[in-house]
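Between the sequences and the hints, there should be enough to build the whole structure, so can you do that?
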Amino acid sequence: MDKRLSSLIEAVADIQDGATVMIGGFGGSGAPIELIHALIDRFIETGSPKGLTVINNNAGNGHVGIAAMIEQGMVKKMICSFPRSADPTVFTQAYLAGEIELELVPQGTLAERIRAGGAGIPAFFTPTSVGTELAEGKPVQQFEGRDYVMERWLKADHALIKAELGDALGNLTYRMAARNFSPLMASAAARTVVQVSHAVEPGAIDPEHIVTPGIFVDAIIEVANPAQEEELNRAGAHHP
Amino acid sequence: MTEKLSNAQIAWRAAQDIADGAYVNLGIGFPEMVARFQPPGREAIFHTENGVLGFGGAPEPGEEDWDLINAGKKAITLKPGTAFFHHADSFAMVRGGHLDVAILGAYEVAETGDLANWSTGPKGVPAVGGAMDLVHGAKRVAVITDHVTKKGQPKLVERCSLPLTGVGCVTRVYSSLAVIDIEGGRFVLREKLPAITMENLQNLTGAKLHVTAPVEDLICPEL
Numbered sequence: 531m532d533k534r535l536s537s538l539i540e541a542v543a544d545i546q547d548g549a550t551v552m553i554g555g556f557g558g559s560g561a562p563i564e565l566i567h568a569l570i571d572r573f574i575e576t577g578s579p580k581g582l583t584v585i586n587n588n589a590g591n592g593h594v595g596i597a598a599m600i601e602q603g604m605v606k607k608m609i610c611s612f613p614r615s616a617d618p619t620v621f622t623q624a625y626l627a628g629e630i631e632l633e634l635v636p637q638g639t640l641a642e643r644i645r646a647g648g649a650g651i652p653a654f655f656t657p658t659s660v661g662t663e664l665a666e667g668k669p670v671q672q673f674e675g676r677d678y679v680m681e682r683w684l685k686a687d688h689a690l691i692k693a694e695l696g697d698a699l700g701n702l703t704y705r706m707a708a709r710n711f712s713p714l715m716a717s718a719a720a721r722t723v724v725q726v727s728h729a730v731e732p733g734a735i736d737p738e739h740i741v742t743p744g745i746f747v748d749a750i751i752e753v754a755n756p757a758q759e760e761e762l763n764r765a766g767a768h769h770p
Numbered sequence: 429m430t431e432k433l434s435n436a437q438i439a440w441r442a443a444q445d446i447a448d449g450a451y452v453n454l455g456i457g458f459p460e461m462v463a464r465f466q467p468p469g470r471e472a473i474f475h476t477e478n479g480v481l482g483f484g485g486a487p488e489p490g491e492e493d494w495d496l497i498n499a500g501k502k503a504i505t506l507k508p509g510t511a512f513f514h515h516a517d518s519f520a521m522v523r524g525g526h527l528d529v530a531i532l533g534a535y536e537v538a539e540t541g542d543l544a545n546w547s548t549g550p551k552g553v554p555a556v557g558g559a560m561d562l563v564h565g566a567k568r569v570a571v572i573t574d575h576v577t578k579k580g581q582p583k584l585v586e587r588c589s590l591p592l593t594g595v596g597c598v599t600r601v602y603s604s605l606a607v608i609d610i611e612g613g614r615f616v617l618r619e620k621l622p623a624i625t626m627e628n629l630q631n632l633t634g635a636k637l638h639v640t641a642p643v644e645d646l647i648c649p650e651l
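Protein chains in written order, with our numbering: chain A, 531 to 770; chain B, 429 to 651.
None of these hints come from the bench; they were simulated from the model. Quick reminder that beta carbons are idealized off the backbone N, C-alpha and C, glycines included. There could be a bad hint or two in this list.
Claimed, not checked - Label pairs and their computed distance ranges (CB to CB):
id	chain 1	residue 1	chain 2	residue 2	range
1	A	Pro-770	B	Lys-502	26 to 32 Å
2	B	Gly-613	A	Leu-626	36 to 42 Å
3	B	Thr-599	A	Ala-754	47 to 53 Å
4	A	Ile-745	B	Lys-578	52 to 58 Å
5	B	Pro-508	A	Asp-677	39 to 45 Å
6	B	Ala-486	A	Ala-653	37 to 43 Å
Shown next, in the form of structure tokens:
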């Protein structure tokens with residue numbers, strides 16, 4: 531078995547119109563910029579994929595990454611906790627113009643919904659959002675005298691994530707706080723594609739250090755020296 | 429306007445109540461300032477929602493590594509003992525009751541302990557982040573805030589008028605004029621600036637201030 535792909539084009543070729551796509555990253559840390567930009571390039575060339583539902587903590591910053599997807603009109607709906615950033619113009623304009631839907635989810639609930647999706651748990655109860663407008667319409671149940679809101683799992687057709695080391699079996703490590711949602715998303719998507727900064731042979735990663743075991747990963751593509759969203763934005767970059 | 433504490437002084441006062449070895453989450457923005465004022469000889473362990481525990485302060489300009497940031501997307505640094513983990517573990521620390529204290533900002537705090545700090549109403553783009561999670565689970569949820577709004581309206585009120593972040597969650601408020609505990613659905617005054625009278629403080633507060641023990645002077649260093 532070898533999960534390594536040879537091109538970014540191949541890595542994003544399977545994503546269809548209307549798909550739900552989890553994209554790793556918290557702000558710029560862990561954002562798989564090269565995978566996202568390959569997807570945008572495909573859309574510009576072919577008109578597809580469009581009508582996407584994107585799941586991420588945020589809703590893009592500046593004019594690269596997820597913001598560039600929204601700017602191109604590929605995204606129908608964002609599921610996120612914090613659609614604000616240093617430069618949220620692209621999402622804000624699309625949202626206020628009614629061109630994009632927003633499902634706002636408390637951050638810990640978002641993480642747990644994705645974890646539950648990957649773990650085969652269709653619903654769970656959390657104290658988060660009890661008594662607030664984000665709990666409206668959701669079942670509430672009391673356990674040991676305290677109210678909890680029922681939240682549903684979150685799954686996706688695809689996950690696009692970024693990791694540091696990845697071997698041919700899909701075992702992954704991450705770099706510092708770039709880990710964030712990515713291990714959860716890898717488990718919750720039908721197909722998980724990972725851009726890794728270093729592709730290595732099986733055995734090169736100490737089994738004690740593997741964060742995401744390869745069973746959650748379908749394909750890896752090596753992107754050496756990946757772009758940092760924060761640096762792109764500080765340089766005023768646009769994609770394309 | 430009455431003499432009041434600066435934001436740095438409010439943060440300093442909140443920092444005095446953080447024990448050595450406490451696990452602490454500071455909300456983004458103003459609450460991050462509390463980390464600067466740890467008393468000598470005490471070391472809190474700071475948690476950030478995006479998966480870092482026990483991190484250090486900001487790096488020198490030009491030394492930032494953008495894979496190493498806090499929940500406010502600001503660059504932080506490693507120090508001996510820093511740990512990384514994914515988001516579900518991070519919020520297990522929050523909801524699971526493992527944090528000793530969370531210190532957050534506020535638009536309004538009610539005498540019931542209700543907090544409103546995420547939305548000013550239906551206008552614009554709503555954003556909640558981790559605020560609704562943080563208010564549940566930390567052993568102590570403290571608020572640091574100006575005592576009144578920029579327009580002079582009380583931020584400490586009987587009932588919040590803005591969308592709630594959490595119900596009955598705040599246990600202590602460090603304001604620009606006073607330190608107030610929330611106990612049994614009422615504000616209990618613990619400390620106040622010596623220069624302000626009880627009457628003036630009550631007039632700037634939107635719910636009754638209760639006194640159950642001698643009120644201490646709130647004295648902070650010039651910062």
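Cross-check of the supplied hints:
1. Range check, Pro-770(A) to Lys-502(B): Cβ separation about 29 Å, and the 26 to 32 Å hint holds.
2. The hinted range of 36 to 42 Å is satisfied by Gly-613(B) and Leu-626(A), whose Cβ atoms lie roughly 39 Å apart.
3. For the pair Thr-599(B) and Ala-754(A), the supplied restraint of 47 to 53 Å holds, since their beta-carbon distance comes to about 50 Å.
4. Take Ile-745(A) and Lys-578(B): their Cβ atoms lie about 54 Å apart, and the range 52 to 58 Å holds.
5. Checked against the given bound of 39 to 45 Å, the beta carbons of Pro-508(B) and Asp-677(A), roughly 41 Å apart, stay inside it.
6. Under the hint 37 to 43 Å, the C-beta atoms of Ala-486(B) and Ala-653(A), about 40 Å apart, fit the expected range.
No hint from the list above goes unmet by this structure.
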